[in-house]
Amino acid sequence: MPSNLRIAADIGGTFTDVAAFDERSGELLLGKTLSTPGRLVDGITQGVAKAGTRLADAHLFLHGSTIAINTMLERSGAKVALVTTQGFRDIYEIGRVNRPDSFNLRFKKHEPLVERALRLEVKERLMYDGTVREPLDMASLEAVAGRIEKEGDVEAIAVLFMHSYRNAQHELAAKKFLEKRFPAAFVTVSSELSQEYREFERTSTVVANAYVGPRVHRYLEEIDAEARRAGFSGKFMLVQSTGGLYSLREAKQDCVRMMESGPAAGVIGTQAMCGIMGIANAISFDMGGTTAKAGVVRDGLALTSGSTMIGGYFTGLPLLTPMMDIHEVGTGGGSIARVSATGGLRVGPQSAGAAPGPACYGLGGDEPTVTDANLLLGRLAEDRFLGGEMKLDRRAAAEAIRAKIAEPLGLGDVEAASGILRIATASMSHAVKGVTTDRGLDPGEFPTLFSYGGAGPLHASMVARELRIPQVVIPAAPGHFSAFGMLLSDFRSDLVQSRFVRLDQVQLEELKRWFAELEAQGSAAVKDARLETRRLVVSRALDMRYVGQEHAVTVDVPLSAFSQKSKSSIKRHFDELHKERYGRGSPEEPAEIVSIRSTVTGIMKKPRLAEIQRGGPKASAGALTGERRVFFPGRGWAKCRTYRRAALKAGNRIAGPALIEEHASTTVLEPGDTLRVDRYGNLVISIGLS
Amino acid sequence: MEMLRAPLLGRGKKRQKADPVTVELVRNSLIAATEEMKSVLMRTSYNMIIYEALDFTVGLFDRKGDTLSIGLGLPMFIRGMSNTVKAKIDYWGCKNIEPGDILLTNDAYTTGAHLNHLTFSIPIFHGGRIVAFSTCMAHWQDIGGILNGMTYDIYSEGLQVPHVKYHERGRLNRDVRDFIRMNVRRPDRAMGDLEAQLSACRVGVKHVEALLARHGAAAVQASLDDIMAQSEAEARLQVAAIPDGVYEAESQMDDDGVDIGRPVPIRVKVIVKGEEMTVDLSGVSPQVKGFYNSNAGVACAQVAFKCLALPGDYPINDGGFRPLKVILPPGTVVSALHPAPYRVWMTYPMTVVDTIFKALAPAIPERVIAGHHADLLTANINGIHPRDGRLWLYLGGLIGGGWGAKSDEDGMNGTICMNDGDTHNGPSEQVENKFPLLVHRYELRGDSGGAGRWRGGLGTEVEVEALAPINYMTRSDRVVNPPWGLNGGRHAKGNRIAIRRKGELTVFPGGKVDTKLAKGDAYIMSTGGGGGFGDPRDRPIETLKRDVRQGYVSLESAWKDYGVRFDPETLEPSAE
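Protein chains in written order, with this note's numbering: chain R, 1 to 690; chain A, 691 to 1266.
There may be inaccurate statements among the hints.
[As the list claims (entries may be wrong)] Taking lysine-lysine and the BS3-like style, the derived pairs with C-alpha atoms no more than 30 Å apart in a straight line are:
| hint | chain 1 | residue 1 | chain 2 | residue 2 |
| --- | --- | --- | --- | --- |
| 1 | A | Lys-1124 | R | Lys-512 |
| 2 | R | Lys-123 | A | Lys-1235 |
| 3 | A | Lys-1250 | R | Lys-150 |
| 4 | A | Lys-1250 | R | Lys-404 |
| 5 | A | Lys-1124 | R | Lys-565 |
Quick caveat, the hints were computed from the structure, so don't treat them as lab data.
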C-alpha cells in the first residue's frame, strides 16, 4: 500500500517541531520537544514519536534546521583554506570598508572565518567578459596545495577567482585538482554557489559554505542513515532559505542555502494559507522568545531577496544566496526591560533567553521581561503555559517589575507592565515597517497580519492596531507553523548569473538563450530529484539599473514579455518598479542589465487540509473555560472570558475582550475586536480600529 | 561659539515630569522618523553620492533650531544642519515663516561645508505657531563652478544660493528653481535630488504631526525635554569621569595644495572641569589658500565628544552637547571666512578630531584612540572609453585604511576614515566591467600599522592598470605626517601615492598629484595604518608571532620595531 504520510521536522534553537500530514484523511499530527544539541537527530526521533507517527510510514520527509547558521554564529565550523586569484586574498578581510556604527571607536568589522595565513593565491586572471588574460598556472596551484598539506589539518577548501561568474573554467579546474589532491576535504568553488559579480560577497559565500560544509554534510548523512534505520524508504528533502525544497544531494554540497530555513518556512506557510483563504496581500509576523520577524506576501507570492548578512548588518558576513525577505527586530517574549543610568525605560534587545528565562519561569532569572509583563496583566495564565506543563510564577514577575522598573521610575506595577508592553509593541511594528515602507511598499496595501510563533498571537492585535491593519489571522498550531509550512513547500531551484549588458544593445533572442541555459540547469535539478510531479513553473527576473547608476534592482519579468517582438515591455517593467521603489522612473533613460535570474519550481502535490467541525456563531459551553481580569494598555482592566481553542468550531464568533488559549500560545482579543473561526480552524480577527 | 546652559536637572525651576513610557515611545518615534527620512531620501535620490556614499543629513529641529534627532549619512555632518536652521530662523524671523514655506540655502559659511550641500527646511506648525523644523541636506553631484584643479575662492566653486523660500505658502518660487537649473551641469538629475530632499522633509513633517496628534503637544514637549535631559545627564556622567585639567596636543597637515610642502598646524586645547568640557580651537591654523577650508570646527569638537561620551546615545540631539563648550575664533581653517574656498572641506576636520583624542590621551588613555589614516584617499580619474569613444568619469580610491590602536585593542584594518561612516568601496569586478581599468591587487599593507603593545590597524593598497590612456588627479594629505601612536606606541605608515610607468615605480613625496597615464601604466594608492598604543616591547610574543604568521608584521619589523627575532621556518622566537 503506498504511503500517504509526509513528515516535516523543524529544528530550532530551543524546540524541535514535527508536523505530520496524512494526505488521505487530511489529519495533521503535531509533536514538540526540546532540541537535543548533543545529537540533533534524537530531537527528530522524539518529536516524531510525540506526534504519534512513524518515519517508516512516510513517503516524504522534509527537514529544516538551524545547524548551518548556528555553526556560523557559534564559530564552530571547519578549518578552511581559501584560494584566490593573485592579488585578492585580502578582499575577504577588507570587505566593503564601511563603518556603520559611526561614533563607536570600538567598532568591529566582520570577523573572517579563515585566518590570513591560510588565504592563498594562485596565478590566473580572467577579464570582465570572461576571456582569459592569464591561464590557470598549475605550478602555483601545486604550491598552494603544498602549503595546505603542510598545515596538516585543513578540512575544507574554498576557491574564489575574479570574474568566475562569467567563466567558471578556472574555478572548476582548480576544484578538480584540489579534490583529487585532498580526497577527504570538502572543496567548494564560488561559481557553483553564486554567479553574481561582487568578489567580497562571493568570497564570503564560498568560505561560509566551506566552513559549515563538513559539519552539515555529516549531519545530513546521519539523519538520512537514522531515518533509513527507522524504516523510512521515501524521499528526504531539505528546506532552503527561500522556503523551497532541495534534494539531499544538493544540500550536501550547497550547505549555505539552508541557512534560514525555519523562518522561511513560516512565510511559505503564510503564502500557502493565504492562497487557501483567498488573501492576496499579507504580512507574516513571527514572534518568539528573542526576536520578531516580518515577511511579505504580495499578489500571492512571498517576497525573496538575493542576499543577506549573517550576524547582522554591523559586523555580519554577507551571503549571496536567495533568501526569504525577512526583517527582524530584537523584541521577543524574553526581551528584558530595564531603566538606564539616566532614567530612560528600555525594552530589549537583550533577552533572558530560555535559561534563565523571564523572572516568572522561576529558573533564577530576576530581570523583568515582556512575558512577565503579559503575566502581570493577566494576558497569560499562571497554570496554562505549555498546556499547564510549565507553571509560571506571578509573584516573581511582579517583584521583578516592581524592583527593576516601577520603583526606580515612580510608577505603579501595572503601569510599568503596561508600559513595557506598549514599548515592545512599538518596536515590533518597526519590523513590519522594515519590510514595507523601507522597500517602497505601502503598508496600507497589506490588510492582513498573519501571526504565529509562540508569542505572536499574544501581541498581534496590539501590533495590528499600531499599524492600523484591519485584520489578523492566527493559524492553527501557531507554535508549529514553520514545520507546517514545510509541508506546503515546493521544490525550488534559484539560478542567477551576472551579465553586464545594455538593454538596448542585447538581442532579445540572446537574452532568451541565456535564460534557457539557466533554466536547463534548474530543470535538470528537478529531474534529478525525481519528484512525483513533473509540473514545472519558471519565473524570470532581471537585476537592472539606469546606465550610470551603481545600484541595481531586481525586476520580475513575466514570461510573456519574452514572447513579444521587442524589449520595450521589459524596459517598462523596470521603469515601473523603479518608480514604485524609488519614487521616479525614467522611461527616456537607457537601462542596463547586471544579472539575470531564473527560478524553476517543481510543484509538489499539496496535501488537502482537513476542515474542522462546524458550529454555530456561539462557542459551545465546552469551549468556555472561565473568566479572568486582564489589563489592556490605554483602557484599563476588563473582565475577559477565556476559551479553549481546541474546542472551538468553524463559524464560532467571539467578541473581544477575550483570550483564546492553546498548548503553546494565547491569542488576545482586545476590546472592540471580533473573531470568527474559519473552516480550517484559523482565527480570523477583525481589529476594532477607531 | 556654543552657549553653555544651566543644567536642567536639580537647579532652578522644577521641570514638569514626563511619563517615562511616553518618553520612550517618543524617543523611538524620533529615531524612526529620521530613519524613514533617510530611507526615503536614499530611495528617491538620483545620484549615487547620496544613496551609496550617504553624503547627506536629515533631521528634526525644535523651534529654536536645536537638534531633536538627526539621521546622519556622515558623522562630520553632526553640527552643520542645526546651525543652518538657526541661521534661517535668524534671517527670516519666526513671524515671517509661514505654513507651506520651504526654506533653502547652500551658503558654505552657514552649512560649514562645500556648496554642494543644498539644505531645505519645512516649518511644522501646531496650534498656529512653529513647533519644529524638518530639514534635509544632500550632496549634489554638481553645483557649477570649475570642474578640475584647485579653487582659490568660493566664486570658482559654483552657485551660491542665499536664504530663499523655494516654496512660499505652498507655491513654488519658479525664479529660484530656474536660477538653479541654469547653473548646474545636470539639471534633470539635480532636480530629481531636489524632489527627493523635499520628500524626505515631508516624511519628517508627517511623523511630527502624528506624534503631536497621538500624545498631545504638552506630553511631546515634556518628553523631548526629558530625552535631551537624559542625553545631557549621560554626557555629564561621562565628562565627570575625566580628571579635571587642561590638555593640549598638536599635529599638522602636509600642505594646503597651493604652498606645496608647507605644513598647516593643528593645535587644540581641551579643558575639563567637573561635568563640563571646553574644546579650544583658537590654535588651529588660519584659513588657507587652497580648498581645504571649512566651518566645521564645532562639528569636530562634537564628533570627538560624541565618540568619547555618547557613542550609543540615540537620537542624536543637542541635549547631549550641553556640557560641551567650543572656543572657535573666526578665520581659522575650520571657521574660514568669505571668500575662502571650501571644496575639499572634509579632509582637515578628521585630523582635528584625532588631535582632540591625542590631547585627552594623558587624562583618559583607556577611552581614546591613536591616530588613523584620516583621508578618504580618492582620485578623480577619467578618459575616453575605447568601447564607445565616450568620456568616462570614476572616483577611484576610497579603499579604507588603518585605524588607531586603543589601550586594550589593536586597531581595525582597512576601514573608512572618520569623515565617513557607512560608505562602501566599489567591487573591483564592477570597476573592470565599467571602465578600461584592470585591478592588479587590492590588499592589506603589511607593516603599515604602528607598532605598539596594541598594534595599529593596517592600511590597504590598490594597484590599477590603465587599459587606455587616463587622466589621474588626487588631492590627498597626511602623506608626510603619518598617524601617530599614543603612550609609547609608534606612528604608522602614512598615506602614499605612486605610479608605475613602463614598469618603473615612482613614489610621490606628497599627496597632490595631477598626471596622465598611458595604456599599460598603473596607479598605486596606499592608505596609512593606525598608530600603535603602548610600548611595542610589551606586546606578548605569542601575539606578535600570530602577527608574523598572518603577515600583518614582517620578520624584519618584528625585529626592528618589537625587538623579537623569529625563525623564518618555525616562527619560534630565537634566544638572542
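Going down the list of hints, with the structure as the test:
{"no.": "1", "hint": "Lys-1124(A) with Lys-512(R)", "verdict": "holds, 24 Å"}
{"no.": "2", "hint": "Lys-123(R) with Lys-1235(A)", "verdict": "holds, 28 Å"}
{"no.": "3", "hint": "Lys-1250(A) with Lys-150(R)", "verdict": "holds, 29 Å"}
{"no.": "4", "hint": "Lys-1250(A) with Lys-404(R)", "verdict": "violated, 55 Å"}
{"no.": "5", "hint": "Lys-1124(A) with Lys-565(R)", "verdict": "holds, 29 Å"}
When each numbered hint is compared with the structure, a violation occurs for hint 4 only.
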